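As you go down the protein sequences, you meet chains Z, G and X in turn. For what it's worth, numbering that gives the first Met the number 0 labels the leading residue of the first sequence as 0, then goes sequentially. For what it's worth, numbering that gives the first Met the number 0 labels the leading residue of the second sequence as 0, then goes sequentially. For what it's worth, numbering that gives the first Met the number 0 labels the leading residue of the third sequence as 0, then goes sequentially.
Incorrect hints may have been included.
Under 10 Å between C-beta atoms, here's a sample of chain G residues computed to sit facing chain Z [said to hold, decoys possible]:
1. T49
2. F330
3. T407
4. V421
5. L425
6. V463
Hints listed in this document are in silico derivations from the structure and should not be mistaken for laboratory results. For clarity, every value in this text was computed on a predicted model and none was experimentally measured. Positions of the beta carbon are idealized from the N, C-alpha and C atoms, including for glycine.
Spelled out from the first residue to the last, the chains are:
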Amino acid sequence: MAQTRHFRNVVMLWLIVTVPFEALMIFVLAPGMPPGNGSVQAAGQVTDNTVLFGLATPVTTAVLVFLGYCLYAFRERDHSSALEGPAIRGDAGVQFWWLLTTTTLVLFLAAYGSIRLLQDGSGGGQGPNPIAVPAMAKGDAPLQVQVVAQQWQFDYRYPKYGFETPDLMLPANTMVEFHVTSLDVIHSFWAYQLGVKADANPGVDNIAYVHTLGPLTINVRCAELCGLWHGYMFDTGHVVPQAEFATWAQQQQTLLAPGSKRLPKYSRTYFPSPVRRSG
Amino acid sequence: MSAIAISASRPTKSFWQRLGGFNMFTGIALGIAGWFIGYYAIGENITGHTLTYYKAQAGENDIAVCLGYVLGVVGFLVGMGFANYPVRRMLGHPPSLTEHESEGEGAARYFRLCTDHKVVAVQYLIGIGTFFFVGGLNAMFIRTELLSPNTHVFGPNQYLTLVGMHGSMMMGMMTSGILGPFANWVVPLMIGSRRMAFPRIEALTFWLLMAAGVILVTTIFWGGFQTGWTGYQPLGDEGTAGYDAYIGFFGLVGLSMTLLGLNLMATIITMRAPGMTWSRLPIFCWGVVATAILMVLAAPMLIATLLMAGMDRTVQTGFYIAAIGGSAYLFQNLFWVFGHPEVYILALPGFAIVMELLPVFTRKPLWGYRLAVAGLLGVAFLSFFVWQHHLFVSGIDADLRPFYMLSTEMISLPTGFTFLVVMGTLWRGRIRLTVPMLFCVGWIFNFLFGGISGVFLSDVPSDVTTHGSFFSMAHFHYTIMGGLVFTFFAAVYYWGPKMLNVKFDERLGKIHFWTLFVAFNSTFGPLFALGFLGMPRRVVTYPLGLQGLNDWVSISAYCIGLSMLVFLYNVVKSTVFTREPAEDNPWQAKSIEFSLPTPVPVHDFERLPTFDPDPYPYGVEPAPIGAPVPAGGVA
Amino acid sequence: MGVATATAIVCAAIGLYIGLYLANVPGSAAAVTSSQGTSLYLATVPAAALSDPHNTWVSYYAVNSSGGDWRHDTTYVLPAHTLVHVTIFQYDSPSGIRNQFLSQAQGTTGGTFQVNGAAPEQAIASANTSHIFAVPQLGLSVPLQGVSGTAKNACANAPCSPTANAVEKVTFTFRTPGKGLYRWQCFVPCAAGYIDGFGGPMQTVGYMDGFLKVV
Numbered sequence: 000m001a002q003t004r005h006f007r008n009v010v011m012l013w014l015i016v017t018v019p020f021e022a023l024m025i026f027v028l029a030p031g032m033p034p035g036n037g038s039v040q041a042a043g044q045v046t047d048n049t050v051l052f053g054l055a056t057p058v059t060t061a062v063l064v065f066l067g068y069c070l071y072a073f074r075e076r077d078h079s080s081a082l083e084g085p086a087i088r089g090d091a092g093v094q095f096w097w098l099l100t101t102t103t104l105v106l107f108l109a110a111y112g113s114i115r116l117l118q119d120g121s122g123g124g125q126g127p128n129p130i131a132v133p134a135m136a137k138g139d140a141p142l143q144v145q146v147v148a149q150q151w152q153f154d155y156r157y158p159k160y161g162f163e164t165p166d167l168m169l170p171a172n173t174m175v176e177f178h179v180t181s182l183d184v185i186h187s188f189w190a191y192q193l194g195v196k197a198d199a200n201p202g203v204d205n206i207a208y209v210h211t212l213g214p215l216t217i218n219v220r221c222a223e224l225c226g227l228w229h230g231y232m233f234d235t236g237h238v239v240p241q242a243e244f245a246t247w248a249q250q251q252q253t254l255l256a257p258g259s260k261r262l263p264k265y266s267r268t269y270f271p272s273p274v275r276r277s278g
Numbered sequence: 000m001s002a003i004a005i006s007a008s009r010p011t012k013s014f015w016q017r018l019g020g021f022n023m024f025t026g027i028a029l030g031i032a033g034w035f036i037g038y039y040a041i042g043e044n045i046t047g048h049t050l051t052y053y054k055a056q057a058g059e060n061d062i063a064v065c066l067g068y069v070l071g072v073v074g075f076l077v078g079m080g081f082a083n084y085p086v087r088r089m090l091g092h093p094p095s096l097t098e099h100e101s102e103g104e105g106a107a108r109y110f111r112l113c114t115d116h117k118v119v120a121v122q123y124l125i126g127i128g129t130f131f132f133v134g135g136l137n138a139m140f141i142r143t144e145l146l147s148p149n150t151h152v153f154g155p156n157q158y159l160t161l162v163g164m165h166g167s168m169m170m171g172m173m174t175s176g177i178l179g180p181f182a183n184w185v186v187p188l189m190i191g192s193r194r195m196a197f198p199r200i201e202a203l204t205f206w207l208l209m210a211a212g213v214i215l216v217t218t219i220f221w222g223g224f225q226t227g228w229t230g231y232q233p234l235g236d237e238g239t240a241g242y243d244a245y246i247g248f249f250g251l252v253g254l255s256m257t258l259l260g261l262n263l264m265a266t267i268i269t270m271r272a273p274g275m276t277w278s279r280l281p282i283f284c285w286g287v288v289a290t291a292i293l294m295v296l297a298a299p300m301l302i303a304t305l306l307m308a309g310m311d312r313t314v315q316t317g318f319y320i321a322a323i324g325g326s327a328y329l330f331q332n333l334f335w336v337f338g339h340p341e342v343y344i345l346a347l348p349g350f351a352i353v354m355e356l357l358p359v360f361t362r363k364p365l366w367g368y369r370l371a372v373a374g375l376l377g378v379a380f381l382s383f384f385v386w387q388h389h390l391f392v393s394g395i396d397a398d399l400r401p402f403y404m405l406s407t408e409m410i411s412l413p414t415g416f417t418f419l420v421v422m423g424t425l426w427r428g429r430i431r432l433t434v435p436m437l438f439c440v441g442w443i444f445n446f447l448f449g450g451i452s453g454v455f456l457s458d459v460p461s462d463v464t465t466h467g468s469f470f471s472m473a474h475f476h477y478t479i480m481g482g483l484v485f486t487f488f489a490a491v492y493y494w495g496p497k498m499l500n501v502k503f504d505e506r507l508g509k510i511h512f513w514t515l516f517v518a519f520n521s522t523f524g525p526l527f528a529l530g531f532l533g534m535p536r537r538v539v540t541y542p543l544g545l546q547g548l549n550d551w552v553s554i555s556a557y558c559i560g561l562s563m564l565v566f567l568y569n570v571v572k573s574t575v576f577t578r579e580p581a582e583d584n585p586w587q588a589k590s591i592e593f594s595l596p597t598p599v600p601v602h603d604f605e606r607l608p609t610f611d612p613d614p615y616p617y618g619v620e621p622a623p624i625g626a627p628v629p630a631g632g633v634a
Numbered sequence: 000m001g002v003a004t005a006t007a008i009v010c011a012a013i014g015l016y017i018g019l020y021l022a023n024v025p026g027s028a029a030a031v032t033s034s035q036g037t038s039l040y041l042a043t044v045p046a047a048a049l050s051d052p053h054n055t056w057v058s059y060y061a062v063n064s065s066g067g068d069w070r071h072d073t074t075y076v077l078p079a080h081t082l083v084h085v086t087i088f089q090y091d092s093p094s095g096i097r098n099q100f101l102s103q104a105q106g107t108t109g110g111t112f113q114v115n116g117a118a119p120e121q122a123i124a125s126a127n128t129s130h131i132f133a134v135p136q137l138g139l140s141v142p143l144q145g146v147s148g149t150a151k152n153a154c155a156n157a158p159c160s161p162t163a164n165a166v167e168k169v170t171f172t173f174r175t176p177g178k179g180l181y182r183w184q185c186f187v188p189c190a191a192g193y194i195d196g197f198g199g200p201m202q203t204v205g206y207m208d209g210f211l212k213v214v
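Kindly generate the complete structure, drawing on both the sequences and the hints.
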């Protein structure tokens, strides 16, 4: 039967295309993809992306191979031809298997994504009362860093050391608890290599966890349109060995003393004046 | 034909006589007058402590600006003649459903309030087409600015205004890009109703949209706005009066969308001819119903959201200002409750057009009609439960993220139905790769990548990196430009000749498709990579290392522009110069609109049509088992 | 034909207006190099000149060494890898800082600045701060002391005079980086009337924002 032959062709073609491409995707391309292995959370995102690429590849190739085959095998070059295709109006079996496959895929993806998310927060902002707290953050107190966004600069307040600085410096192999907030409009703190992104919302303490690994240079960018200099709201941070971090923190305490003594009391959110139009 | 004959002999008027009366020119004149009354006569005379201070310090008066826009629109609509009928009715005149329908085929009909659904459709096509090209031009400017990270062609203020105008124009005006021209034109024909349920409201939706478009462009008088199409607060509140133009624009768009949806829904529910049962309804009409439900339920949310933003700016309420008890989250939440259905308002008509056209060009019935309907309605239903995936890293309702992950990924189920229907219809068809069919095939390819990339964005761990980056920008361009715009062109090439009674050049159409398809993928494919490499959206500068990719994207974007010029040339050539009349049924389609003569008579049908039990009566019925296969009948 | 011509004229006028809007980029002023080194002279005013389209907005201006020759330029051209002496004639009154740590100068030579030639200072009280000259990409940020709010001869609109109007002269030195385009801005919520003090002039290049073009 013609139908069986066509179907067999499509399946064979799909296998021929998918098997090597899938292997390439899972073993070569996806593991090397951003954001890289700069932190536990970033590495987790790479794993997650690898799973997604692994599932997306056969689906994509299936549709493309099917489309390509149809256009090649069933093309009618004579547009005025009176010939018509077969009047097939559906097939319960195909619909059943399609629904079963896609539903299984979707449920797996949602379950897998949720488990991964709840394990360590995946570096995303979780609001003031996070539920996805990494196991390590529950033991030793994590290093708290408050990210204060304002138009158009991120500043980092280290409550443990009592200073605020425009330079982001983090110790290696440490659990860090970012508290992201804003003094004016909505920004988004994106520490690319750490795999951290958390919106800075005025009046909100948005917490994100990250477990740093070895020394690293971090590109920090604002990922939410915040006005004129949104595109220029970037800086460079560093993950350094723990001893180096301790020295740096001590130096900053002295260096930034004149500014530090004017800082408002540490708080999870700030509402400096003016706030409304009447000035 | 009789309707045309009646109206043929009217006394000719001079140009100036024709300019008088209620039409677009009077509308513009009264609109400008309304602006002056609103701004100067009323707005400037309202006083108060805050306002006086604000005027003295900022040199602006938002209350006057907003009143100017409101009265300007009212003046424009009065000048167009929208007040005449209500006034006539109050004076005791009899009810009537038509205005300016039987006045011959002159161009004047297109510049005034006309209740012929075919005239409104053409108005929509030209009006929206114009703004589509202006929006596209903005995109060319954006890509010009991004050619270099260190040399600014326009500067950050103008760049952000261009980004905002491009986004607003495309998301606002193009929302009605398919429903406006094509649903208005074809739905009454498909269901055998001769008109829409509310013909005057049909015209009103179009003229509101045009007023909205003009208001958006006036933003540059006030220095533009810096918020992009999402208009987030409190950034919008910091803006100059340019943001008032954004509020006025999107508010009117919301109103137009609500009315358009209501009208289409009422038409399909109540105006179907005898015999046009729900199971005989063409799939395009089902797509329109699904979209109309979204419009009616989602767009009022937009109006309310913007009304509150406007009140924060003018009468100093604090809905979105955290320090005085409001919340910036509130705006994000409300905006996306509208905003996510909105993107499906853009996508669903595309699904419907592909499924409507495929049977014609594969010469087969639609495969899985009920599945197709379930897919359309399923997407519409689910789209109301996913909006917080736009706020995955915002810290809002973080505990609900697994739910939104599931609901978002579930949308791929009904979308998958559509893909299965499309694939089933292609299977063993006799595929004619005409220009409309090519655009449908383009949709399958583009929307596949749009949908798959959406899975990455719906997965929270993956979204942490891609959120707010060029990756998400590439994703929604694949679904909206690759989805909506490609099917828009499919519809233009498919129904356009019949609507405009001209024949398009097929060779130019094919050149248009292939250049657009290649340039589109070459533009938006690399944007996925740029997003992965850490480039956020809406930035005026970027790391030097990304310049190569950005330049590639910009040059590809110019190729999209050139491809659109091919289309424009094709349209101008066939409508202005060659003017070769279209055939009645160039595609051998079996749907009702193609059984009518071209041009379609003013009152559509001589007598009401009868309907086939299968809306897609194509194909050869399979022979009984054991019978010989008819020669060439089955592939 | 008349309609076509009229439409063409209207379209051309709209196109021209949009073109002018898009091409409206503030002018640039170069640093002065003399035997004393490279110097940049700026002034800040509570409101731009009366002839300016936004004559109620605060603004930076480029001036000469004696505080005259006012030009509404906000792109400043500086030589690369050079010490630049910046002098800012400050005519505006204070409006406070939203983020207090910016009351300390950063990124200048010695981390200090001088007001009216007095002893170098590291920081000033937030309440006395009128503007900040900051280049975040370079880690440069200097608080600018405001003139007393009750000064009798306070300047209203540009141009102002260092002899006739109340003025605070702030000076500092910083080293320019390699070639490139850097943006500068003010961090004080000085856009009176706007929410957070950050609208209008704070979000428009040519008033409280601009570029450093290092060549």
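For each hint, the structure was consulted:
Hint on T49(G) holds. Least Cβ distance to chain Z is approximately 4 Å, under the 10 Å limit. At its closest, the beta carbon of F330(G) sits 9 Å from a beta carbon of chain Z; the interface hint therefore holds under the 10 Å criterion. At a threshold of 10 Å, the smallest CB-CB gap from T407(G) to chain Z is about 9 Å, leaving the interface hint in force. With its C-beta approaching chain Z no nearer than about 9 Å, V421(G) sits inside the 10 Å limit, and its interface hint holds.
Because the smallest distance between the Cβ of L425(G) and any Cβ of chain Z comes to about 4 Å, under 10 Å, the interface hint for this residue holds. Contact between V463(G) and chain Z, as hinted, is supported at the beta carbon level, the nearest pair being about 4 Å apart and thus within 10 Å.
Hint compliance for this structure: every hint is met.
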